[in-house]
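Number of protein chains: 2
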Amino acid sequence: MNSSESFIACARQELGPDRVITDRDDCSAYERDYFGRSGQALAVLCPKSTAETSAALRLCARYAVTVVPQSGRTGLVGASTPDDSGRQVILSLCGIDQVGHLDAANRSIHVGAGVRMSRLRQVLAPAGLWFPFDIAADPCVGGMLATNTGGSHLMRFGDVRSSVLGVEAVLADGTVVDSLKALRKDNAGFDCKQLFIGSGGGLGVITGAVLALQRRPVARVSALLLPHSHERIPELLSWLEARYGDLIISFEGLSGNAIRYAYRAFPDLPQHFEASGIPDYVVLVELASAGLFQAQSLAADVHDSVAQLVSRAAIRGALVGDEADYWALRDAVPRALMKLPRVISLDVAFARSRLTQFRVAVQQLLSTQYPGAVLADFGHFGDGGDHVTIVVPDDCPTGATRLALMRLRVAVYDLVAEYGGSFSAEHGVGPLNESAYRRYTPPTTRRVHSSIKRLLDPAQRLGRLGMT
Amino acid sequence: MNSSESFIACARQELGPDRVITDRDDCSAYERDYFGRSGQALAVLCPKSTAETSAALRLCARYAVTVVPQSGRTGLVGASTPDDSGRQVILSLCGIDQVGHLDAANRSIHVGAGVRMSRLRQVLAPAGLWFPFDIAADPCVGGMLATNTGGSHLMRFGDVRSSVLGVEAVLADGTVVDSLKALRKDNAGFDCKQLFIGSGGGLGVITGAVLALQRRPVARVSALLLPHSHERIPELLSWLEARYGDLIISFEGLSGNAIRYAYRAFPDLPQHFEASGIPDYVVLVELASAGLFQAQSLAADVHDSVAQLVSRAAIRGALVGDEADYWALRDAVPRALMKLPRVISLDVAFARSRLTQFRVAVQQLLSTQYPGAVLADFGHFGDGGDHVTIVVPDDCPTGATRLALMRLRVAVYDLVAEYGGSFSAEHGVGPLNESAYRRYTPPTTRRVHSSIKRLLDPAQRLGRLGMT
Chain A
1 MNSSESFIAC ARQELGPDRV ITDRDDCSAY ERDYFGRSGQ ALAVLCPKST
51 AETSAALRLC ARYAVTVVPQ SGRTGLVGAS TPDDSGRQVI LSLCGIDQVG
101 HLDAANRSIH VGAGVRMSRL RQVLAPAGLW FPFDIAADPC VGGMLATNTG
151 GSHLMRFGDV RSSVLGVEAV LADGTVVDSL KALRKDNAGF DCKQLFIGSG
201 GGLGVITGAV LALQRRPVAR VSALLLPHSH ERIPELLSWL EARYGDLIIS
251 FEGLSGNAIR YAYRAFPDLP QHFEASGIPD YVVLVELASA GLFQAQSLAA
301 DVHDSVAQLV SRAAIRGALV GDEADYWALR DAVPRALMKL PRVISLDVAF
351 ARSRLTQFRV AVQQLLSTQY PGAVLADFGH FGDGGDHVTI VVPDDCPTGA
401 TRLALMRLRV AVYDLVAEYG GSFSAEHGVG PLNESAYRRY TPPTTRRVHS
451 SIKRLLDPAQ RLGRLGMT
Chain B
1 MNSSESFIAC ARQELGPDRV ITDRDDCSAY ERDYFGRSGQ ALAVLCPKST
51 AETSAALRLC ARYAVTVVPQ SGRTGLVGAS TPDDSGRQVI LSLCGIDQVG
101 HLDAANRSIH VGAGVRMSRL RQVLAPAGLW FPFDIAADPC VGGMLATNTG
151 GSHLMRFGDV RSSVLGVEAV LADGTVVDSL KALRKDNAGF DCKQLFIGSG
201 GGLGVITGAV LALQRRPVAR VSALLLPHSH ERIPELLSWL EARYGDLIIS
251 FEGLSGNAIR YAYRAFPDLP QHFEASGIPD YVVLVELASA GLFQAQSLAA
301 DVHDSVAQLV SRAAIRGALV GDEADYWALR DAVPRALMKL PRVISLDVAF
351 ARSRLTQFRV AVQQLLSTQY PGAVLADFGH FGDGGDHVTI VVPDDCPTGA
401 TRLALMRLRV AVYDLVAEYG GSFSAEHGVG PLNESAYRRY TPPTTRRVHS
451 SIKRLLDPAQ RLGRLGMT
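Quick mapping for you: the protein sequence lines, in order, are chains A and B.
Take the first sequence: its position 379, counting from 1, is numbered 379 in my numbering, and each next residue is one higher.
Take the second sequence: its position 235, counting from 1, is numbered 235 in my numbering, and each next residue is one higher.
Next up, chain A with everything else stripped away, as it sits in the complex (with noise of 0.2 Å):
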């Protein structure tokens, strides 16, 4: 037997024939993400508990294979599926979906790595409590916790690091670190836990957690609104956050183009606008209580707030009511976006005083040096999220080529870094952004990175991180 033969015999023997996937269709729906990259894989481990994830850990150590942790695969930088070299190691966590305890006093939940979110929502929802992340995809728990996730929420409720009250990971050599407490305040040495969320998976493979929850809101309202520009947006926010506070849970933004291209991929889509007259940029905002306001008077609080917005010049115009189809909208924008055949799709983050600038800046650049490719954004205004989506006509003159695609995108990231902005702010740095984690990232934050992987595993056996 060869090396990768004994491992798979050794694997089958230690964890269980029924834990080890070596069959090549089977193994295919490991290996492919929501956007359909895909590797090759040895093999898919798939533990049923934290012991068994121990003991994958240790045989892969044994064997120095390389671990590819991996639950929902719907992550956007390639890091939870393999290479194509066909010897590294998935191990799958979705087989770890125990929902544990529901302390509802304490508002939180202990729950496995592998538990989806559609799947906590059920969960939770008899009880009137809410884990607050309204993502697009369903993601699991685990997956989540890696890479450190938001959502349309972001700015009320933060990130998922907020949202955790405990973590049991395990690091490369086996080890558990349980770190599983309800609390909400632990400060009885560094807060191990912090390191392995937002980690990719890359410092300790997450099991399980222990998760804040909220009330779940029984009113909800959200409004179109129509800006008389972009840059004016700031301006409305801080009225709007002065009038409601935290009952606005979302502030979305949709560019004029993005709405174009979902409703000319989803013609049955509800029209909100006549066909001439979608605006340049629309803002989508919801509003969520608890018991003291029942919907109706609240969406009348707000069909108030539009009279005052308008009649101050700050919209032109605002639709209140029909929040399903808005939500249905904002949706189809990024599933129209990921049909068209050649897009620029980045996920970054600014403060929010500099979203216009940067756009500005981005909408100069197409201009100038490529005429005739579309900026179709989206994203989360109100948390500083901008999903920078450039869409590359076929008779674009400059932009056809994959190179001339790749160069666009630096150029778009070398503008990310001089409005201060993240070029990565929800999804990590995996394959995809490897380039732009060496162009962008400080030498000294480098080493600190480097030096906590060599730390936590030395080997470098864990996770596809992008970060060298």
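Rather than coming from a laboratory, the hints here were simulated on the basis of the structure.
A virtual CB, placed ideally from N, CA and C, is assigned to each residue, including glycine.
Hints are not guaranteed to be accurate.
Cβ-to-Cβ under 8 Å is the rule here; a few derived chain B residues that face chain A [to be verified]: (1) VAL176; (2) ALA242; (3) TYR244; (4) GLY245; (5) SER289; (6) GLY291; (7) PHE350; (8) GLY385; (9) GLY420; (10) TYR437; (11) THR444.
Got chain A sorted already, so can you dock chain B onto it with the hints?
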């Protein structure tokens, strides 16, 4: 010159004579903390910038001097003052008190580590903004981040960690780690700043930060609620959360004993209860709202809620309205208890579902083994925090000696561990909790702690962590 004299001479030359304090009288202010604990330092270094902090740390490294980082000296665990050896150097960050860019649209501000909370409040008020940490003392930003503090609003706004966008820190060897972005999300690699938050200054010295701000609420209403029993408080809290959601920013608990000590120490305090009628336990709840509510209508709604809660037999009654008076009582409690001669004072935290059980266990411990000792606890019920305060009167037969007090302290900490709590909710470990750290922290966690400590501070010269 001996080594100490040579160090001081060199410090004067490299940092400037006004940055080095050695006069015994001048030093003594820095050697003593809020609680009067004191040691003796070799010198106090007072850098005015990050570059000077880096120079100071390089110098200390060269002379192999132990450094005690310090800012507001309001900690509870002795970590910010030197030991008695006269060989440790205090590094005071109070001189780095620049208030930098206030970005109103982004709701963020850049501040130096030495900026006091009171000053920050003054700077933010005109902009209608707020750093939502309400702490009895007046700490500096640097110390708040280093200890990851909380305060009365933690249940609503999270710990300080949740409100930090960027950190600048200096490692023991003088390396500056700049992570000062003003971004609500940035996952372009492991989040280095999390290492420094809550590290007690032991992994690096925080010199500056970008803080996320909240809108300052315009309407605040407080009420003193008199629950029928401690064990029914979680139900009361759930009811209030279902009605008011995030309008609840504080939910504090005060034992009747704590209230009695406050009245005894401060006879001028407004008397809310008949002398004979101080309840066993009182809840102080605070609601805060942005512009949508006026205080008057919010108070009217609270009156209505109180009537409903009384009719549901969740509370016996309530006082609504004189919030300044209620908070005067709340603030008087710790000041009164500090003055008593024999007191055990612990800052612990639990899942809030377990606070009652823990409290009953402490009361049983006292009645069976320390008759005469009085549980006079108070704390942040809403986030699971409890300031367990046990007063041992002069005539207590079993508690009068220092040894007996130490035994009682350990016995209570054992109960904290038994009920899944943390022995240090907000203040870190420090010399005061060193033995608790050894007793309650799992070996694996301690190994991770010590390996990270060795990585960032190989000579172990930074801070008085108590984590050995």
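Comparing the hints with the structure gives:
With a cut of 8 Å, the hint placing VAL176 (chain B) at the interface with chain A holds, because the nearest CB-to-CB distance is about 7 Å. Of the supplied interface hints, the one on ALA242 (chain B) holds, with its beta-carbon coming within about 5 Å of a beta-carbon of chain A, less than 8 Å. Against a cut-off of 8 Å between C-beta atoms, the interface hint on TYR244 (chain B) holds, since the closest Cβ of chain A lies about 6 Å away. With a cut of 8 Å, the hint placing GLY245 (chain B) at the interface with chain A holds, because the nearest CB-to-CB distance is about 3 Å.
At about 6 Å, the closest approach between the beta carbon of SER289 (chain B) and any beta carbon in chain A falls short of 8 Å, and the interface hint on this residue holds. For GLY291 (chain B), the interface hint holds, since its Cβ comes within 8 Å of a Cβ in chain A; the closest pair sits about 5 Å apart. About 7 Å separates the beta-carbon of PHE350 (chain B) from the nearest beta-carbon of chain A, less than 8 Å, and the hint is met. Nearest Cβ of chain A to the Cβ of GLY385 (chain B): about 6 Å, under the 8 Å cut. The hint holds.
Satisfaction of the interface hint for GLY420 (chain B) is found here, the shortest Cβ-Cβ separation to chain A being roughly 6 Å, below the 8 Å cut-off. Among the interface hints, the one on TYR437 (chain B) holds; its C-beta lies about 6 Å from the nearest C-beta in chain A, closer than the 8 Å criterion. With a least beta-carbon distance of about 6 Å to chain A, the hint placing THR444 (chain B) at the interface is held under the 8 Å criterion.
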